[in-house]
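Peer 1: In case you want the letters, here they are:
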Amino acid sequence: MLISYNWLKEYIDFKESPEAIADILTMSGLEVESNKTLDDGDVILELNVTPNRADCLSVIGVARDVSAVLKKKLKRPEINDFKNDGDAGFKVEIIDKHLCHRYCGIIINGVNVAPSPDWMQKRLNSSGIRPINNVVDITNYVLLEFGQPLHAFDLKKLKGDKIIVRAAEEPQAVTTLDGAARTVPAGTLLICDADGPVALAGVMGGQGSAVSDTTTDILIESAWFESASIRVTSKRTGLRSESSFRFERQTDIDGVKNAALRAVSLMIELCGGRVSGVIDNYPTRYETPQIALTREKVQGFLGVQITGDEIEDILKRLDFKVERQTGDFIVTPPSFRRDIELEADLIEEVARIYGYNNIPPVMPELSLAINNVSDKHKKLSELRHSLRYAGFTETINYSFTTREDFTLLDIPAGDERRKVVTVKNPLQKDYDILRTFLLPSLLRNLKYNISFSAKEVNIYEISTVFFETGNGFPAERLKLAVLSYSSGGKKLYTEPAAHFYRIKGQLEPILSGLRCVKYELRPSNEDFLENDQSADVFIGGEKIGFFGLLSAETAARFEMIDDKPDIAVFEMFIDKTDAPIEHERTIPMFSANLMFKYPSIERDIAIVVDDAYQSGDIINLIKTEHLDPERLIESVEIFDHYKGKNIPEGKKSLAFHIVYRARERTLLESEIDALHAEIVRRIISKTGGALRA
Amino acid sequence: MTALQELFLKELEAVTSTTALRELRSRYTGKNGVITGELKKLPTLAPHERAAFGKQVNTDKVFIEERLKEYEQVLISKEIKSKLSKDPVDITLPGYYKKPGGRHPVTIVLAEIADIFVSMGFSIEEGPEVESDYYNFSALNIPRNHPARDMQDTFYIENSADGQSGEGAFVLRTHTSPVQIRVMEKRVNESRTNGTPLPPLRFIAPGKVYRCDSDVSHSPMFHQVEGLVVDKNISFANLKGLLEGFLHKVFGPSVPVRLRPSFFPFTEPSAEVDMGCYFCKGGGCRVCKGTGWIEIMGAGMVDPRVFKNVGYDTGQYSGFAFGMGIERIASLKYGIDDIRLYYEGDLRFLRQF
Ligand SMILES: [Zn+2]
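Chains A and B supply the protein sequences, listed in that same order.
Numbering follows the working numbering, in which position 638 of the first sequence is assigned residue number 632; successive positions increment by one, without gaps.
Numbering follows the working numbering, in which position 217 of the second sequence is assigned residue number 240; successive positions increment by one, without gaps.
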């Protein structure tokens, strides 16, 4: 809200500079966001008035706060009461009394509509309101001064000498002052004459009854409308006015008539005319609450030694009624402070005028308690750490994405990832769903970086994804996605492994870091990955992720048509592994392997088998339980994987290193010779392979 | 020196490699070696000669083994040296290693904040990013059709329950404050179940939040950290003490901190927390819009209406809540003037952290 420094000065005697006033306002709850000096030397302050402070949506309201801080008297403009100079025979009927608690109408005959005086136009302009004519300008002037919205009707255009305030029973057509024909829904509060609606209550007047150059008789409306109803009308029509803004925040019901009278005084002074009817229909009385407050509570709650006198003084300066009962208080807030309902609200009033700066900072004294920092946060931070030192940079992408992802990545109909949560009012029309997987975001990150000629892109993201469940809350899951791209540019040292194995090498430590050992890999069925260069990760029969090389077609669809795009990716759920990431700490978490006390015996096997066999198949054969019931095999590791010279076409050579160890005794060479020979025989018979010479 | 020892030394002199040494060792001390051969002579000797002879052979054996061992070490180090000198290094070439990736500035700042609060005994709590209207608004004293809802531009979720922004609606949470409600509700339920008194609370709740707004200083998604302390005799002065301590830890002990009255529906009294402008040191600049102060957090004493909504005994407990935007803190710490940089995934930006 814009406030003129000079106007403010009319209500309080102060010598403070505009900067000092801005500081006082900011530090007592009305933040001054900017200020502008006008040609005439006046300074316009832009205030950020919070929604609870409807009382400060006026010059007098702001002046009241300043006067409370400066401890100076507030000078209110004089209000003359007007008698009914003759019964105009005009009636105001309020049908929906719960929506209109008070309606005051004053009739003035014989006004002369003309431009308003310069001083008034200037004040309106500097407050952001366009001057129209003296009648309308006066209603706006009083709105700015008192915060009470007023409306002036051309009396001759109202039919049947009456105003009816009622909610629309059915959708109703209304042409508003701005010339727009609107249809408002049933329930909208309307101001009607005998024929129908003449204004949208509290929001905007109707065109048909507007004051024009030829108007001579007017009805000034000053009313109290229920805030939520006005807000709904304003939202539904998309109309926001100075009036609706104030009604939504609750105006001062006791000030309704005063504001009308203030306007009448100005009209008679500036437009001529005489009052011929004063109607004040006030069917729904406002009961101000009485709130008990104790000095001890104020002191304890704020942590400051404030006296009872100081508390009483502050509240009185803000126009609260204070009854004192031996150190305690019964406080009645003024009718313009409907935000004050509880003791805590009063304490805030005391605190802000006392000054937050005068409250000392004191560290709280808290009782010790075993604190719940879940394993999840530790594991995630370890995960980030290990990815970082493996060369990956973390990205964070918006949760919003587009359905185009599914086409670009060939996600089949019925796939879980298509169970999306949709945003009703997205910022970008196409980006109206929440992510169910992260890969598309990382691909876009990659594309963005390639556009800056990045040669190596190694990135990851950890984020919540969302699945529609059909009933209320979506399912929120935690995912990790990793992308590794290399343009194959010149490098000092060659990479020791192919890209597929490098990305798999990222996945494996992550799985073991999550204490997830019982996972299974199967050839991937993801269409966006290269067929024979990818795998899906399963735990307990449930697919938790995929990894491998992005197919050339997919890369092309993302318009990354390198000569040979080399993009390896993986993505997996990290909240639902063997040991869930939120795993509660139990004992034992796992049993440490204590076999190392007795010496081991080590043997190698090198075998030539058909290409169709994967190293994992051979390891499974080695570990066969019925050959090794005592579990003497401690570990099996592959140390060679070779195709080419000296190996027949369609075959490959695999070599494994086996460590044998017994838990409770020292092994004999002879027994291991026998067991090892048995294992070798078994592999040969099962695979049809041969020992490598 | 015995004849055997002399002979051995002569042979040892001729050895120049570890392979030859191994061969020599096996010839003297192996299963069928010279020493064994000597010992085989024992039965042929007169009984009175045997003890002296045995002793002599043993002395020879120890002598030979020691010399072998000494010489082996000499040979090994010689061989390593000669290998290295055949493959000289360029000590200025970069070492072979994976260049570490960048950390996301949001993650860095979140971790820093969490560390500070965890060190003070706070726990870390979480809540869903898609929230119900109740948790995001109503329970926090932000009723329907109240202008306070305009303070946060809200993304609504398409769902069949209710077309309007009513009680049945779901939203992308506009703040992390709903976690306050969830944690307090949970504690109230636990206390009702096992009859224990309501515990004091102190936790932070970090996470993503969403607002329907986008420009250089507003992002439709950003991160917040919410904090809540509930205990006996918690005062506004305590709120001030804790937040001042926190900001001094993050931005340095000399940074001025001030609280000024504001409005949040779920706190009363409410405060906006400002810190002295980092850049102009209070003189006024573009960053602080000439005021010398930068808004950094919102805070306040927990509104009794909120305690009532979750069933926390207001007679016994008081508390305070605070919230801050992570990107805002990161931007101040690193001098970043466009919030969109955090979400573009530009490695030129991210690798600096
Ligand atoms: Zn500055």
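Think of the hints as simulated: they come from the structure by calculation, not from any bench.
Some clues are possibly wrong.
Footprint (simulated), chain A over chain B, 3 or more residues, beta carbon under 8 Å [claimed, not checked]: (1) 26 to 40; (2) 48 to 61; (3) 70 to 84; (4) 92 to 101; (5) 364 to 370.
Some but not every residue of chain B turned toward chain A, in silico, with C-beta under 10 Å [said to hold, decoys possible]: (6) I139; (7) V141; (8) K255; (9) K312; (10) G334; (11) D336.
Below 25 Å or equal to it, Euclidean Cα-Cα: the simulated DSS-like pairs (lysine-lysine) are [stated by the list, open to error]: (12) B/K63 to A/K441; (13) A/K372 to B/K121; (14) A/K373 to B/K33; (15) B/K122 to A/K449; (16) A/K251 to A/K91; (17) B/K63 to B/K104; (18) B/K272 to A/K485; (19) A/K485 to A/K370; (20) A/K372 to B/K63; (21) A/K65 to A/K3; (22) A/K315 to A/K69.
For each residue, glycine too, the CB sits at the ideal point set by N, CA and C.
Peer 1: For each hint, tell me whether it holds in the structure or not.
Peer 2: Structure-based check of each hint:
{"no.": "1", "hint": "26 to 40", "verdict": "violated (count 0)"}
{"no.": "2", "hint": "48 to 61", "verdict": "violated (count 0)"}
{"no.": "3", "hint": "70 to 84", "verdict": "violated (count 0)"}
{"no.": "4", "hint": "92 to 101", "verdict": "violated (count 0)"}
{"no.": "5", "hint": "364 to 370", "verdict": "holds (count 6)"}
{"no.": "6", "hint": "I139", "verdict": "13 Å, violated"}
{"no.": "7", "hint": "V141", "verdict": "6 Å, holds"}
{"no.": "8", "hint": "K255", "verdict": "8 Å, holds"}
{"no.": "9", "hint": "K312", "verdict": "7 Å, holds"}
{"no.": "10", "hint": "G334", "verdict": "17 Å, violated"}
{"no.": "11", "hint": "D336", "verdict": "15 Å, violated"}
{"no.": "12", "hint": "B/K63 to A/K441", "verdict": "82 Å, violated"}
{"no.": "13", "hint": "A/K372 to B/K121", "verdict": "24 Å, holds"}
{"no.": "14", "hint": "A/K373 to B/K33", "verdict": "65 Å, violated"}
{"no.": "15", "hint": "B/K122 to A/K449", "verdict": "14 Å, holds"}
{"no.": "16", "hint": "A/K251 to A/K91", "verdict": "17 Å, holds"}
{"no.": "17", "hint": "B/K63 to B/K104", "verdict": "42 Å, violated"}
{"no.": "18", "hint": "B/K272 to A/K485", "verdict": "43 Å, violated"}
{"no.": "19", "hint": "A/K485 to A/K370", "verdict": "38 Å, violated"}
{"no.": "20", "hint": "A/K372 to B/K63", "verdict": "69 Å, violated"}
{"no.": "21", "hint": "A/K65 to A/K3", "verdict": "14 Å, holds"}
{"no.": "22", "hint": "A/K315 to A/K69", "verdict": "19 Å, holds"}
Hint compliance for this structure: hints 1, 2, 3, 4, 6, 10, 11, 12, 14, 17, 18, 19 and 20 are not met, and every other hint is.
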